[in-house]
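J.: All chains should be built: construct the whole structure from the sequences, respecting the hints.
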Amino acid sequence: RQLSWFKSYIDNGAMHVLFLEDLRQDMQRAAAALQAFLGLDEAFPTREFPHAHKGGTYRFQKLDRLLRENTLVRHLVRAVLSPERRKALSFQYETKFNVRAVPQREAASPELQEKLRDYYREDTKLLEKLIGRSVPWGS
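Numbered according to my numbering, the sequence shown spans residues 1 to 139.
These are calculated hints, taken from the structure and not from any lab test. On a predicted model such as this, the values are computed, not experimentally measured, just so you know. You may find that some hints are simply not true.
Said to hold, decoys possible - Derived DSSO-like pairs: lysine-lysine, alpha-carbon spacing no greater than 30 Å straight-line: (1) Lys129 - Lys7; (2) Lys115 - Lys125; (3) Lys87 - Lys62; (4) Lys7 - Lys125; (5) Lys7 - Lys96; (6) Lys96 - Lys62; (7) Lys129 - Lys115.
T.: This is the structure we're talking about:
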């Protein structure tokens, strides 16, 4: 229903819908389709990106606050490290060092999945009609 509203304001073919399942199944193909939609050169580089943060909390919240809010610390870091090194360290800090992983949740039971499919069946049919293809989770 949400996309119906958007579709009423944009030209046909001016919207590209990409599902997370598309990326998980074949990131290269999904990226190529998006690039084609955007009119980007086919040679535009794509690569696999590691999934670094699967949900969780910051391990060092006080350190995080200090690094983000303390002007003196920020100036010292900028004075000592090159922009490239700051960027690399920031990435490692954000994706590996300061992340406390949360336990994986169990998948919904088959009964619950079927109940949700039934509940959203009409919405799913409308979505498939709007985007001109099947949804990856089945209807």
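J.: If a hint holds in the structure, say so; if it doesn't, say that too.
T.: Right, here's what the structure says about each hint:
1. Of the pairs offered as hints, the one joining Lys129 and Lys7 holds, with about 12 Å between alpha carbons and a cut-off of 30 Å not exceeded.
2. With a CA separation close to 16 Å, the supplied pair Lys115 and Lys125 stays within the 30 Å bound.
3. About 21 Å separates the Cα atoms of Lys87 and Lys62, which keeps this hinted pair within 30 Å; it holds.
4. Among the hinted pairs, Lys7 with Lys125 is consistent with the structure: their alpha-carbon atoms are about 16 Å apart, no more than 30 Å.
5. Restraint check: the Cα-Cα separation between Lys7 and Lys96 comes to about 40 Å, which exceeds 30 Å; the hinted pair is violated.
6. Only pairs whose Cα atoms come within 30 Å are accepted, and Lys96 paired with Lys62 is accepted, the gap being roughly 17 Å.
7. Among the hinted pairs, Lys129 with Lys115 is consistent with the structure: their alpha-carbon atoms are about 22 Å apart, no more than 30 Å.
Against the hints set out earlier in the document, a violation occurs for number 5 only.
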